[in-house]
Amino acid sequence: ELLDGQIPRATPQSGVVVKVIAGESHGVKSQIYTRTPTMYLDFKMDKHKTITQTIPSTYTGFIYMLKGKAYIGDKEFEGLAHHTLTLSEDGATTVKIQTKDEDAHFVLIAGEPLNEPIVQHGPFVMNTSEEIYDTFVDYQNNKNGFERARNWHSTIA
12 ELLDGQIPRA TPQSGVVVKV IAGESHGVKS QIYTRTPTMY LDFKMDKHKT ITQTIPSTYT
72 GFIYMLKGKA YIGDKEFEGL AHHTLTLSED GATTVKIQTK DEDAHFVLIA GEPLNEPIVQ
132 HGPFVMNTSE EIYDTFVDYQ NNKNGFERAR NWHSTIA
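If you read the sequence shown in the working numbering, its first letter stands for residue 12, the second for the next number, and so on.
Bear in mind the hints are in silico, worked out from the structure with no lab data behind them. Note that the structure is predicted; figures quoted are calculated from it, not measured. Note that the Cβ used here is the ideal one computed from N, Cα and C, for glycine as well. Be a bit skeptical, because a hint or two may be false.
Computed list of lysine to aspartate or glutamate pairs in EDC-like fashion (alpha-carbon distance at most 20 Å, straight line) [said to hold, decoys possible]:
{"#": "1", "residue 1": "K40", "residue 2": "D53"}
{"#": "2", "residue 1": "K30", "residue 2": "D114"}
{"#": "3", "residue 1": "K78", "residue 2": "E12"}
{"#": "4", "residue 1": "K111", "residue 2": "E127"}
{"#": "5", "residue 1": "K60", "residue 2": "D85"}
{"#": "6", "residue 1": "K55", "residue 2": "D112"}
{"#": "7", "residue 1": "K55", "residue 2": "D114"}
{"#": "8", "residue 1": "K58", "residue 2": "D15"}
{"#": "9", "residue 1": "K107", "residue 2": "E127"}
{"#": "10", "residue 1": "K55", "residue 2": "D101"}
{"#": "11", "residue 1": "K107", "residue 2": "E142"}
Computed beta-carbon distance windows for the label pairs [said to hold, decoys possible]:
{"#": "12", "residue 1": "E12", "residue 2": "E89", "range": "31 to 37 Å"}
{"#": "13", "residue 1": "G26", "residue 2": "N152", "range": "48 to 54 Å"}
{"#": "14", "residue 1": "Q42", "residue 2": "E141", "range": "35 to 41 Å"}
{"#": "15", "residue 1": "F147", "residue 2": "T63", "range": "41 to 47 Å"}
{"#": "16", "residue 1": "G38", "residue 2": "P134", "range": "48 to 54 Å"}
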């Protein structure tokens with residue numbers, strides 16, 4: 012775990028700051044080791060900025076917009092707050108990101124595909140149906156990570 016002040020930052024231009032949580036951005040590398048090569052970049056961009064982020068051609072990933080609006084790629088796909096934009100799998104090695112009339116805050120998360128089976132049921136995602144079943148049993152019995160689930164209540168719902 013790192014404190015915010017320990018996370019390296021890239022400043023490719025005035026008004027653009029990238030927290031490099033994992034991976035690399037504009038010559039700045041994270042000190043975090045990930046078993047599977049991964050990028051986790053937290054961007055804050057002022058309005059009227061354009062940058063290009065390099066991404067290895069073998070990675071898959073997405074951009075999740077936290078605040079504001081940004082335009083992604085040459086086709087300028089619009090990214091709005093609380094929306095996700097998936098990055099194409101066409102072997103591209105860069106993604107263009109620009110802001111126009113407002114600031115933007117978003118994360119870009121990408122990595123080498125794991126090429127593992129995926130089984131999803133309700134909120135749970137595992138590799139096999141048996142693991143899904145075991146997870147439901149754990150949830151119902153409040154064990155293996157669900158110990159506090161029985162008495163937990165949301166403060167926002």
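Quick rundown of the hints versus the structure:
no.: 1; hint: K40 with D53; in the structure: holds (13 Å)
no.: 2; hint: K30 with D114; in the structure: holds (16 Å)
no.: 3; hint: K78 with E12; in the structure: violated (25 Å)
no.: 4; hint: K111 with E127; in the structure: violated (39 Å)
no.: 5; hint: K60 with D85; in the structure: holds (14 Å)
no.: 6; hint: K55 with D112; in the structure: holds (14 Å)
no.: 7; hint: K55 with D114; in the structure: holds (8 Å)
no.: 8; hint: K58 with D15; in the structure: violated (24 Å)
no.: 9; hint: K107 with E127; in the structure: violated (30 Å)
no.: 10; hint: K55 with D101; in the structure: violated (26 Å)
no.: 11; hint: K107 with E142; in the structure: violated (39 Å)
no.: 12; hint: E12 with E89: 31 to 37 Å; in the structure: holds (34 Å)
no.: 13; hint: G26 with N152: 48 to 54 Å; in the structure: holds (51 Å)
no.: 14; hint: Q42 with E141: 35 to 41 Å; in the structure: holds (37 Å)
no.: 15; hint: F147 with T63: 41 to 47 Å; in the structure: holds (44 Å)
no.: 16; hint: G38 with P134: 48 to 54 Å; in the structure: violated (39 Å)
Comparing the model with each numbered hint stated earlier shows that hints 3, 4, 8, 9, 10, 11 and 16 do not hold.
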